[in-house]
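K.L.:
Each chain, written out:
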Amino acid sequence: MKDLLKILVCGSVDDGKSTLIGHLLYNCNCIYLDQKDNLIQESKKSQEELDYSLLLDGLNDERKQKITIDVAYRYFNTNKRSFIIADAPGHEEYTRNMAVGASNSQVAVILIDVTNPLLSQTKRHLHICHMFGIKDFIFVVNKMDLVNYKKQEFLKVQNLLITYLKKLDISSYNIIPISAKAGENLNKPSPKMPWYKKDDFLTTLEKIDVNTKSLFQDFCFNVQRVSRPNSNFRGYQGPVISGQVKNGDELLSLPSHQKVKIIKLYAPDKQVEQASKDMQITLQLDREIDLSRGDFLVKKDTFIYGNMFSCDLLWTDDEALNLNQTYLLKINTKIVNVTITNINYLYDINTDTKKSVSTIDKNAIFNCDILLQEKIVCDLFSKNQNLGRFILINPLSNQTSAAGIIKSQLNSKYIYAQNLTIDRSKRSEMKNQKPVTFWLTGLSASGKSTIANELEKYLVTLKKHTMLLDGDNIRLGLNQDLGFSLNDRAENLRRVSEVAKLLNDAGLICITSFISPLQKNREQARKIIGDNFVEIYIKTPLDVCIKRDIKHIYDKARQGIIKDFTGISSPFEEPTNPEIIVDNTKPLPEVMNDLITKIEKYL
Amino acid sequence: MDHLDRLEAEAIYIIREVVEECSNPVMLYSVGKDSSVMLHLALKAFYPEKPPFPFLHIDTTWKFKEMIEFRDKISAKYGINMIVYTNEEGLKNNINPFDHSSAYTDIMKTQALKQALDKYKFTAAFGGARRDEEKSRAKERIFSFRDKNHSWNPKKQRCEFWNLYNTRINDNESIRVFPLSNWTEKDIWQYIKRENIEVVPLYYAKKRPVVKRNGNLIMVDDERFKLLPGEKIVQETVRFRTLGCYPLTGAFKSNATTLDEIIKETLEAKYSERISRVIDHEKNTSMEQRKREGYF
Numbered sequence: 001m002k003d004l005l006k007i008l009v010c011g012s013v014d015d016g017k018s019t020l021i022g023h024l025l026y027n028c029n030c031i032y033l034d035q036k037d038n039l040i041q042e043s044k045k046s047q048e049e050l051d052y053s054l055l056l057d058g059l060n061d062e063r064k065q066k067i068t069i070d071v072a073y074r075y076f077n078t079n080k081r082s083f084i085i086a087d088a089p090g091h092e093e094y095t096r097n098m099a100v101g102a103s104n105s106q107v108a109v110i111l112i113d114v115t116n117p118l119l120s121q122t123k124r125h126l127h128i129c130h131m132f133g134i135k136d137f138i139f140v141v142n143k144m145d146l147v148n149y150k151k152q153e154f155l156k157v158q159n160l161l162i163t164y165l166k167k168l169d170i171s172s173y174n175i176i177p178i179s180a181k182a183g184e185n186l187n188k189p190s191p192k193m194p195w196y197k198k199d200d201f202l203t204t205l206e207k208i209d210v211n212t213k214s215l216f217q218d219f220c221f222n223v224q225r226v227s228r229p230n231s232n233f234r235g236y237q238g239p240v241i242s243g244q245v246k247n248g249d250e251l252l253s254l255p256s257h258q259k260v261k262i263i264k265l266y267a268p269d270k271q272v273e274q275a276s277k278d279m280q281i282t283l284q285l286d287r288e289i290d291l292s293r294g295d296f297l298v299k300k301d302t303f304i305y306g307n308m309f310s311c312d313l314l315w316t317d318d319e320a321l322n323l324n325q326t327y328l329l330k331i332n333t334k335i336v337n338v339t340i341t342n343i344n345y346l347y348d349i350n351t352d353t354k355k356s357v358s359t360i361d362k363n364a365i366f367n368c369d370i371l372l373q374e375k376i377v378c379d380l381f382s383k384n385q386n387l388g389r390f391i392l393i394n395p396l397s398n399q400t401s402a403a404g405i406i407k408s409q410l411n412s413k414y415i416y417a418q419n420l421t422i423d424r425s426k427r428s429e430m431k432n433q434k435p436v437t438f439w440l441t442g443l444s445a446s447g448k449s450t451i452a453n454e455l456e457k458y459l460v461t462l463k464k465h466t467m468l469l470d471g472d473n474i475r476l477g478l479n480q481d482l483g484f485s486l487n488d489r490a491e492n493l494r495r496v497s498e499v500a501k502l503l504n505d506a507g508l509i510c511i512t513s514f515i516s517p518l519q520k521n522r523e524q525a526r527k528i529i530g531d532n533f534v535e536i537y538i539k540t541p542l543d544v545c546i547k548r549d550i551k552h553i554y555d556k557a558r559q560g561i562i563k564d565f566t567g568i569s570s571p572f573e574e575p576t577n578p579e580i581i582v583d584n585t586k587p588l589p590e591v592m593n594d595l596i597t598k599i600e601k602y603l
Numbered sequence: 001m002d003h004l005d006r007l008e009a010e011a012i013y014i015i016r017e018v019v020e021e022c023s024n025p026v027m028l029y030s031v032g033k034d035s036s037v038m039l040h041l042a043l044k045a046f047y048p049e050k051p052p053f054p055f056l057h058i059d060t061t062w063k064f065k066e067m068i069e070f071r072d073k074i075s076a077k078y079g080i081n082m083i084v085y086t087n088e089e090g091l092k093n094n095i096n097p098f099d100h101s102s103a104y105t106d107i108m109k110t111q112a113l114k115q116a117l118d119k120y121k122f123t124a125a126f127g128g129a130r131r132d133e134e135k136s137r138a139k140e141r142i143f144s145f146r147d148k149n150h151s152w153n154p155k156k157q158r159c160e161f162w163n164l165y166n167t168r169i170n171d172n173e174s175i176r177v178f179p180l181s182n183w184t185e186k187d188i189w190q191y192i193k194r195e196n197i198e199v200v201p202l203y204y205a206k207k208r209p210v211v212k213r214n215g216n217l218i219m220v221d222d223e224r225f226k227l228l229p230g231e232k233i234v235q236e237t238v239r240f241r242t243l244g245c246y247p248l249t250g251a252f253k254s255n256a257t258t259l260d261e262i263i264k265e266t267l268e269a270k271y272s273e274r275i276s277r278v279i280d281h282e283k284n285t286s287m288e289q290r291k292r293e294g295y296f
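Residue numbers (the working numbering), protein chains in the order written: chain A, 1 to 603; chain B, 1 to 296.
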């Protein structure tokens, strides 16, 4: 029996994917006569030559609009192999459908227009295939007929491509010049390109070896179902995800970590002595243990058991990512509640750079941290694809919101603080000062920035080494990825607290100027910064703030133009026990004199 | 594992996922070769347990007699719960394939299926359709979601990654699940042979009474078949490539009486299997249209 190869054909819109497959099937006589008649009839409607893409574009809208909307699967075989070809849409709008095809394929064929190579959609497809773990690529440089089959034109594109693939660390690929429309180099060598000495497209497909070196080899069985038709039988049914198993083998249950022995093995309905990767089996064990759907049986535990991960995600939902929502994560046969705790970066295909963003929309490729409600057995995708990939489901709409892979485990319990020889006291000694953080809190326009600035000027006259952290400035840089939701505000202040602590460690006196509206925000800052934390409440009544508001932001907040505005549409909790209270209704020189007296004891 | 092993394993995994995650599944049983394979896979998937769901046959009352006999024999043999449903309203109005052509398919097949699914409140229905049958089918996901009118929206298909099937639905929605999506007609026959699966004898060549009508050879299965002027019944050695309602299913001349001969004919076939279905090739996109209307 022949082996089966699953191929994805992708690339930018109009690069000729459907034409390539359609023409290949036609040339290989894989089209029935009635389908051929239909094609001839339909092609005549619009053009003289046969429009092979009509063989693939099966939806009404696709044929009307002449674009591929969703992935089509075609089946054919040659004397050497059986193939399943997934014909992916090229349009950016339908990237997620292309990704569906990628997730079900072993080899990616990426079309490139010789006259217009490496478009952003080509790169996007390449990235998704790469992210989804496809190791083998065939790059088909199409439309050679438009450049008169010239070798130099092909080489130009080939060089461009090789440089780009190096960057992505892709090493297993073929690059083939073809004309899908004219049928050159599809299933036989092209007389028009005698300079091309390697295999034609179909021969390449027949010969390509799927890279299996990196596959995880140890035995792993996933419990898909517990079968208990009567009190005499309890069987665990599911797929062998990797490796091999024999009747009588001792196994370990995960996550319950109990030892068991196989007493009967069925694959799937016949009693067998052994089973291997991808087979569906039923196992009977020597004793009853804690084992249910989603759990695993393995020979040795080399897996991760955790609940915090850094992941690459492809967002597939029409609704944007909501950081305040709980999603469902399905990994193998397990479903767990999950929240995305942080968007680390968006991968910008156009510039090949990582970008800080606060929103994620459909088709975005990004990296984020996730937190699961319970710990799961899983693995890094790079090590074990089956245990390292998942989908996210929006439980409100039931849509599949994302496809993701686990990049690394995050777990603070494995991170230990390093003791450094040069410490805070050494550094502050050199500066001849005591490090301290003056944490100014108060309403918007209460005068925090002005007072902070005056305070720093005063400290400098005393030859103190200082650093001022101001709300707006930090949001323009360090915290530009954060918004103004309660969660983002809390994260903003957590980061500022950590920075203040680092500045104190460096021996500096730090002044911070943030609204920090909630008692719990300030408590957290106090906890992070420690003994050197001095909370200064700039007490200015709301009506005075509004009167002094030269930026008119209170007006905008009242009109609803600015949402979540402290004092108007978002609460400000007065500090319950600040070290210093500044009454800022008085003239500035008076205020400063008062403050300078009060801070003396902290210096 | 060879090609058929892989297809079998994939289908079994899908069938089990539905049973684990969907509240009220059913397996559609049309008596044809694909249904025979699907039933076989369901028996394997849960062995030694019986398939933990009922089967549903939409009986238009115009199926071949041999199909009905076969259905009852198989149900008894495996002890499965076979629900037979007919659109009684359509029956009362004498909706039939001779007088009502396309309305017949809608009322006795599509509407009947929708009525049955609603009546029993099934949330997921397995179907034996394959992607290689037709080009809109080639676009359909394995888990195909239907709204409260059982309508398919091909422009808004839910993403389906790896084998991580998202089976969640809103109230009143349902799923059609196609475990044989990736099988071809050849795979079906090769698997039937390998697993020694029993199929309706109509697939084997035999002398049968047929009438030539509109280029199709239609078998005269009962007295409801009315001859048109000039038509006459002839005995021909024929068999069927697909099965449905007898007045809408074309036979073809063949001498294939064994599975090996059937496989050989399938491998050498010049026309697709859909050509024998009288209703399919009315319009190029008629399948997609019927799916939008709630056909499975």
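Treat each hint with caution, since some may be false.
[To be verified] The following residues of chain A were derived to be distant from chain B, with all beta-carbon distances above 12 angstroms:
1. Q152
2. N211
3. L285
4. D317
5. D318
6. L329
7. T339
8. N342
9. S397
10. N479
11. A506
[Said to hold, decoys possible] Computed, partial: chain A to chain B, Cβ under 7 angstroms:
12. L33
13. L59
14. S103
15. P229
16. S231
17. D278
18. Q280
19. Y345
20. D348
21. T351
22. I393
23. A403
I should point out that these hints are in silico values taken from the structure, not numbers from a laboratory. We put the beta carbon where it would ideally sit given N, CA and C, even for glycine.
K.L.:
Next step is simple, just say for each hint if it's right about the structure.
P.N.:
Right, here's what the structure says about each hint:
no.	hint	result
1	Q152	39 angstroms, holds
2	N211	18 angstroms, holds
3	L285	16 angstroms, holds
4	D317	9 angstroms, violated
5	D318	9 angstroms, violated
6	L329	10 angstroms, violated
7	T339	18 angstroms, holds
8	N342	23 angstroms, holds
9	S397	8 angstroms, violated
10	N479	33 angstroms, holds
11	A506	47 angstroms, holds
12	L33	5 angstroms, holds
13	L59	5 angstroms, holds
14	S103	4 angstroms, holds
15	P229	4 angstroms, holds
16	S231	13 angstroms, violated
17	D278	6 angstroms, holds
18	Q280	4 angstroms, holds
19	Y345	22 angstroms, violated
20	D348	22 angstroms, violated
21	T351	26 angstroms, violated
22	I393	5 angstroms, holds
23	A403	4 angstroms, holds
Taken one by one, the earlier hints fail for this structure at numbers 4, 5, 6, 9, 16, 19, 20, 21, listed in ascending order.
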